[in-house]
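Participant: The lines below spell out each chain.
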Amino acid sequence: MRCVIVDGSRVIRAVARKILEACGYEVEEAEEGGDGLDACGSRQPDLVLLEWQLPDMSGIEFVELLPRHCKGKMPKVVFCSSEGGYASIEAAVQAGAAEYIMKPFDSDIFDSKLKMAGLQ
Amino acid sequence: MKREEFDFFADLVKRRAGYVYAPDQVYVIESRLSRVAQRNQCGDPGQLVDLVRRAPDSDVARDVVDALTAKDTYFFRHAEAFRCLRESVVPRIQIERTERRSLRVWSAACATGQEAYSVAMVLDQMAIELTGWSIEVVGTDLNRKLIERAAKGLYNRFEVQRGLPVRMLLKFFGEAPDEQWQVTERIRSMITFREANLLQPAADLGSFDLILCRNVLGSFDAGGQAATLDRLAGALNDGGILMLGDGEKIAGLPERFLPFEGHDGIYVRPAAARRVATPEAPAVPESGAPDATQASA
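In the order they appear, the protein sequences are chains A and H. Be aware that the first sequence starts at 1, since it is given in this note's numbering, and climbs by one per residue. Be aware that the second sequence starts at 1, since it is given in this note's numbering, and climbs by one per residue.
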């Protein structure tokens, strides 16, 4: 299983990488949306872990651009963000997110959300 | 903690809640009581013994029992059980209760209510199949503070993410102050929360078609388990279903329960007429209703 983490925060990327690697994922990190989309194109991941707002675009824009970069099967998109408003979560789900993790989270939540997204 | 202090607490929680602590769990008791001790200016949990002895009906005594019976809970705990609830248990009850069209559910020892709300959400999703049915969920716990929290239906970010898929969060919850989420009024109105102790008869709760008593009996000794199962059987309607926790089994399977369709931890209380049936004298289905034994084959 492969995952691309797209998040402007180095700390969050490191925390998520640790949990995902423990779950057996190969992890690629991207700080910005553009790099993240490129990584999705080259790695064809099973999972994209995505922040609500990236330095160069919104998470929703990222999801909308994703099909152009993923030639084969689309990865499952799981948002992971401190943005926890109802409207934002609803927008993410409507854009195609499989799950939404609100920060702060622990590894139990992370684990169970990946399962709910149909991963693992 | 001294041995006699451990004995005092173990005896207290056994008498009041049925929970059994083994002598090698002295550290579990110490750690669970450390915050109660702090709140009561006791340097050591053992010092709570005097406070409880002097005032057995005080808030301190209640806090001690609450701390020693705390249980972890989250939405859709053991998701497989809830899939079974939707696909097998509720359809079976619909057959049993097809004339009365009423479905009463008891979430026993429900703590902060996640299990009761999970059941209510499942039943709400089955609204089309259950059109015209009267539905009531009752959640009980012996811990008054937890029941009060359950009734509010307010959960923090951690609680609301454990076990709950995001689409169900959006459908069944609204935002509340302080980064909390609250169960919608529609779902809350399906549930009544009440303080009740599993060790005492619960006749005033009425009778039920489904009882969930999950992840509780494992804390009781054999006598406590048998007495509780007996009371649960007494509170179940004929054909009613009992769901225990993942991996929990009824040892020796008392005659009042039969395994339900091969599902682990799920039992049916056979109708009285069927209970006395033997292979030589098979039960006759009543008024054309499918026979329980055949339906479970």
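Some hints here could point you the wrong way.
Said to hold, decoys possible - With a straight-line cut-off of 16 Å between C-alpha atoms, the simulated EDC-like cross-links for lysine to aspartate or glutamate are: (1) 103/A / 159/H; (2) 249/H / 264/H; (3) 171/H / 90/A; (4) 71/A / 111/A; (5) 115/A / 80/H; (6) 103/A / 179/H; (7) 103/A / 178/H; (8) 2/H / 59/H; (9) 18/A / 32/A; (10) 152/H / 204/H; (11) 14/H / 178/H; (12) 152/H / 178/H; (13) 103/A / 83/A; (14) 152/H / 99/H; (15) 71/H / 44/H.
Claimed, not checked - Estimated spans, in silico, between C-beta atoms of each pair: (16) 18/A / 86/H: 31 to 39 Å; (17) 1/A / 189/H: 41 to 49 Å; (18) 118/A / 156/H: 56 to 64 Å; (19) 74/A / 134/H: 39 to 47 Å; (20) 128/H / 10/A: 27 to 35 Å; (21) 1/A / 180/H: 32 to 40 Å.
Hints listed in this document are in silico derivations from the structure and should not be mistaken for laboratory results. Virtual Cβ for every residue (Gly too), placed ideally from N, Cα, C.
Participant: All hints are to be evaluated individually against the structure, with a verdict given for each.
Facilitator: We went through each hint and held it up to the structure:
1. 103/A / 159/H: Roughly 12 Å between the alpha carbons, so the hint for residue 103/A and residue 159/H holds.
2. 249/H / 264/H: Given that 16 Å is the threshold and the Cα spacing comes to 7 Å, the pair holds.
3. 171/H / 90/A: Within the cut-off at roughly 10 Å; holds.
4. 71/A / 111/A: Since the Cα atoms of residue 71/A and residue 111/A sit roughly 28 Å apart, the hinted pair is violated (cutoff 16 Å).
5. 115/A / 80/H: 13 Å, holds
6. 103/A / 179/H: Judged against 16 Å, a Cα distance of about 11 Å means the pair holds.
7. 103/A / 178/H: 14 Å, holds
8. 2/H / 59/H: Distance ~23 Å between residue 2/H and residue 59/H Cα, so the pair is violated.
9. 18/A / 32/A: Distance ~20 Å between residue 18/A and residue 32/A Cα, so the pair is violated.
10. 152/H / 204/H: 23 Å, violated
11. 14/H / 178/H: Not OK: residue 14/H and residue 178/H at ~38 Å, beyond 16 Å, violated.
12. 152/H / 178/H: The hint holds at about 15 Å.
13. 103/A / 83/A: 8 Å, holds
14. 152/H / 99/H: Judged against 16 Å, a Cα distance of about 34 Å means the pair is violated.
15. 71/H / 44/H: 23 Å, violated
16. 18/A / 86/H: 31 to 39 Å: For residue 18/A and residue 86/H the Cβ distance comes to about 36 Å; the hint holds.
17. 1/A / 189/H: 41 to 49 Å: Holds: the Cβ-Cβ distance is about 42 Å, inside 41 to 49 Å.
18. 118/A / 156/H: 56 to 64 Å: At 26 Å between Cβs, range violated.
19. 74/A / 134/H: 39 to 47 Å: For residue 74/A and residue 134/H the Cβ distance comes to about 44 Å; the hint holds.
20. 128/H / 10/A: 27 to 35 Å: 49 Å, violated
21. 1/A / 180/H: 32 to 40 Å: Check passed, 34 Å falls within 32 to 40 Å.
Taken one by one, the earlier hints fail for this structure at numbers 4, 8, 9, 10, 11, 14, 15, 18 and 20, listed in ascending order.
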